[in-house]
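Residue numbers (the working numbering), protein chains in the order written: chain Y, 1 to 135; chain B, 136 to 404.
Simulated from the structure, these hints should not be mistaken for lab results.
Check the hints yourself; a few may be wrong.
[To be verified] In silico DSS-like pairs for lysine-lysine, Cα to Cα no more than 30 Å straight-line:
1. 347/B <-> 108/Y
2. 41/Y <-> 108/Y
3. 300/B <-> 230/B
4. 41/Y <-> 4/Y
5. 41/Y <-> 114/Y
6. 347/B <-> 54/Y
7. 54/Y <-> 121/Y
8. 121/Y <-> 111/Y
9. 347/B <-> 111/Y
10. 114/Y <-> 8/Y
11. 4/Y <-> 114/Y
12. 300/B <-> 114/Y
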Amino acid sequence: MTLKIELKPGERFIVGECIVTNCRQRAWLLIEGSAPILREKDIMTLEQADTPAKRVYLAVQLMYTARDPRLQHETYFVLMRDLIQAAPSAWPHIAAVNNHILAGELYKALKSAKALIAYEKELIDRQTRSDCRSA
Amino acid sequence: MADMAPKSLRSAPLHLKQASDLMAQSGTSVAANNRYNPLPNNPLDFSTSTELSTLNSLLDGVSRGITTIRAASDSIAAITKLVQLALALVSQAQKTTDTNVRARLVDQFNALLPQIDQVTADANFNGINLLEGGDLRIITNQHCCPAVSVTAFHATVSGDLAITKPKNTWATNFEIQATADNLNLALVYLRSQAQSLSDTLSTIQIREHFIKTMINTLRTGGDWRTPADSNKESANLLALQTRQQLSNITRWLATQAEQNVLRLLWQAD
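Same shape as in the complex, but just chain Y:
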């Protein structure tokens, strides 16, 4: 599969176990192969992963970029189970993440995990709006 990436000056991305930085001008790259590729804007840091869904995203991200993804499997399922117990309606989003991981499509699993984060925000915002109305 060929991936086309456009990078702004100074933008970074991960390829396999390397960090590549685009130095000066805007650049367009075509990348082929099966190594993990992650753009800077898609990378979540530990500090940013401060909600249950964001921690699921982080676990998937670690799985995608790790040498041995098996080390992250248990953590991922603990996070997944805790989130579903708290919000069972999020199951379709989690199922999408699971199916992509099962198919070996970790990049797509990350996209589904982003949708999960958006859904979590929607649930919490809905409650916040409801609290404001009843206050």
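We have chain Y; now place chain B onto it with these hints.
Structure of chain B alone, referenced to chain Y:
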């Protein structure tokens, strides 16, 4: 009880306190089949057992695939040893000019070739022989694609190994060298196939581990995917958010992150 809570919780907004109350109640509520009653004909309940059944089928297929690949890898290793034995005979022939000795070495060489073909013929597992053209397709997800494919080859002397019998009993050095070159090419080919199988095996083993962990999670969860009151989900999530911050899970994530390439990006910031 509120006085014993950490200061952060005591001063938290109202919905956080509601969340912590809810989480304290949730254990008894589920057990008493009260607030968290499943809806009648709940599709989520149905899908749990269906999913377990599908996952177990996937796991069976994946486990069989792993065994088939391992059988092929073991056979390639055995064939490699036979080819190396053949090379040793070539080496002996190169060290002598005695035509009788060379002729005997050729006989020993020729006797190895059917042994190679026999190892190939025996590399059959579950009706699939990766060394005799039997392609393998391992399905690792419920939608069946993309599957992991293993393209077979023909590990026979007259097939992809292309090892030919000496024509003139190694009468000349030129002929002996030709056999040596032939065998070295076969070794390169075998190593390449072995590496390819090893890479595929690693991929499949990771999927197998994921499926097994998923099955264990679903089995121990019981009816944990029963829909709760949707108004409570937000409060549950906020309570979980706080609980996770204090738990080992965030420490474990931090440990994993330290060993990951991502640390290079975070350190550079």
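Results for each hint:
Taking the CA atoms of residue 347/B and residue 108/Y, the gap is near 21 Å; set against the 30 Å cutoff, the hint holds. A hinted pair counts as satisfied when its Cα atoms are at most 30 Å apart, and residue 41/Y with residue 108/Y qualifies at roughly 15 Å. Annotation: proposed proximity of residue 300/B to residue 230/B holds, straight-line Cα distance about 20 Å (limit 30 Å). Distance hint between residue 41/Y and residue 4/Y is fulfilled; the C-alpha atoms sit about 15 Å from each other, no more than 30 Å.
Under the criterion of a C-alpha separation no larger than 30 Å, the hint pairing residue 41/Y with residue 114/Y is consistent with the structure, at around 12 Å. For the given pair, residue 347/B sits about 24 Å from residue 54/Y by alpha-carbon distance, which is consistent with the 30 Å threshold. For the suggested pair residue 54/Y and residue 121/Y, the alpha carbons sit about 10 Å apart, so the restraint of at most 30 Å is met. A C-alpha spacing of about 16 Å is found between residue 121/Y and residue 111/Y, which places the hinted pair at or below 30 Å, so the restraint holds.
Under the criterion of a C-alpha separation no larger than 30 Å, the hint pairing residue 347/B with residue 111/Y is consistent with the structure, at around 24 Å. For the hint linking residue 114/Y to residue 8/Y, the alpha-carbon distance of about 23 Å falls within 30 Å, and the restraint holds. At roughly 21 Å between alpha-carbon atoms, residue 4/Y and residue 114/Y fall within 30 Å of each other, so this suggested pair holds. Restraint check: the Cα-Cα separation between residue 300/B and residue 114/Y comes to about 61 Å, which exceeds 30 Å; the hinted pair is violated.
The earlier numbered hint that this structure contradicts is number 12, and it is the only one.
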